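Sequences and hints are given; from them, build the entire structure.
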Amino acid sequence: MQEIVKNFTVVHVDAPGQEDGAAIYPAGYQYATMDQISDMLPAVLQYFNFRTIIGVGVGAGAYILSKFTLTNPEAVEGLVLINVDTNARGWMDWAAQKLSNLTSSLSDQILSHLFSQEEMSANTELIQTHKERIAKAPNLINIELFWKSYQGRRDLNIERNNTFKCPVMLVVGDQAPYEEAAVECNSKLDPTTTSFLKVCPSPVFYPSKLTEAFKYFIQGMGYMASSCMTRLSRSRTTSLSSSYSMEGSRSRSRTLSQGSQGGQLPPSPSHTMEVSC
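Read in order, the letters of the sequence shown correspond to residues 1 to 277 in the UniProt record's numbering.
Hints listed in this document are in silico derivations from the structure and should not be mistaken for laboratory results.
Note that this is a predicted model, so its numbers are computed, not measured.
Backbone N, C-alpha and C fix where the C-beta goes; we use that ideal spot for every residue, glycine too.
A couple of the hints might just be wrong.
In silico DSBU-like cross-links for lysine-lysine, where the CA-CA straight-line distance does not exceed 35 Å [claimed, not checked]: (1) Lys188 to Lys6; (2) Lys67 to Lys131; (3) Lys136 to Lys148.
Label-pair ranges, simulated between beta-carbon atoms [unchecked claim]: (4) Asp20 to Met40: 17 to 23 Å; (5) Met40 to Val10: 16 to 22 Å; (6) Ile24 to Asp108: 19 to 25 Å; (7) Asn7 to Ala27: 41 to 47 Å; (8) Phe50 to Glu19: 18 to 24 Å; (9) Thr192 to Gln128: 40 to 46 Å; (10) Ser187 to Ser105: 31 to 37 Å.
Have a look at this one:
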């Protein structure tokens with residue numbers, strides 16, 4: 001990310017009470033809804049004197065940025081949404097969550113939101129680190145309030161006639177808990193300005209691959225055009241390099257690459273790519 005950071009001001013925004021050292025909310029505290037958190041973002045832009053942003057969000061953050069972009073399209077130049085679910089929970093999801101509340105700890109519930117069952121079963125050091133970090137968090141009460149707020153999100157009602165006005169890159173891990181939701185979201189967006197990237201396995205395990213895709217996404221918007229192209233953006237055939245391979249015989253649209261010069265070509269329809277690592 002060093003090359004990207006040199007060209008942009010990067011700001012990480014915590015939801016209320018989620019920052020390090022946050023005070024613990026008292027019992028009965030009415031935590032903000034996802035809509036209310038989204039409505040706080042204009043004040044963040046004003047504080048930093050930003051006219052526009054390129055938003056990057058994961059899970060709940062992706063949902064919040066989606067809501068913000070729908071209501072403030074002039075403020076967002078591009079969106080990178082990782083494991084996004086723009087739908088409200090259905091009755092089956094609601095029932096499953098109620099059962100999970102009785103049988104699973106908060107850390108286990110959040111881990112099942114972040115990782116697939118296969119990744120959880122692998123019991124990697126990364127998953128154990130996340131589990132310990134959540135379980136030992138001093139503001140665990142605040143985390144639980146944020147978690148419940150996300151579970152109570154409403155449907156954003158995204159459709160082709162009510163969608164994002166900016167370029168969007170959707171990213172999801174293969175077999176991730178929110179894979180179907182991301183695929184459904186992709187079907188509702190403008191195919192001429194949307195790129196869909198499925199990473200096998202989760203992008204959490206291979207951040208360098210996601211960074212390359214992010215860099216090309218920025219170049220496609222006209223930024224960093226003089227920057228050297230990455231292997232991902234140079235891959236123009238269905239047979240990629242040893243670090244990237246198209247998976248299976250399932251039909252695929254063309255790769256994210258549209259040419260050898262970054263930021264010079266307009267987005268083309270239905271950018272879809274699957275990356276295996």
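Hint-by-hint comparison with the structure:
Taking the CA atoms of Lys188 and Lys6, the gap is near 34 Å; set against the 35 Å cutoff, the hint holds. At roughly 29 Å between alpha-carbon atoms, Lys67 and Lys131 fall within 35 Å of each other, so this suggested pair holds. Distance check on the hinted pair: Lys136 and Lys148 sit about 19 Å apart at the alpha-carbon level, within 35 Å; holds. Under the hint 17 to 23 Å, the C-beta atoms of Asp20 and Met40, about 19 Å apart, fit the expected range.
Judged by the Cβ atoms, the range 16 to 22 Å given for Met40 and Val10 holds: they are separated by roughly 19 Å. Taking 19 to 25 Å as the suggested C-beta distance range, the pair Ile24 and Asp108 conforms, at roughly 22 Å. Asn7 and Ala27 have their C-beta atoms about 46 Å apart, which keeps the hinted 41 to 47 Å range intact. Evaluation of the 18 to 24 Å hint for Phe50 and Glu19 yields a pass: the beta carbon distance comes to about 20 Å.
For the pair Thr192 and Gln128, the supplied restraint of 40 to 46 Å holds, since their beta-carbon distance comes to about 43 Å. A hinted range of 31 to 37 Å for the beta carbons of Ser187 and Ser105 is consistent with their spacing of about 35 Å.
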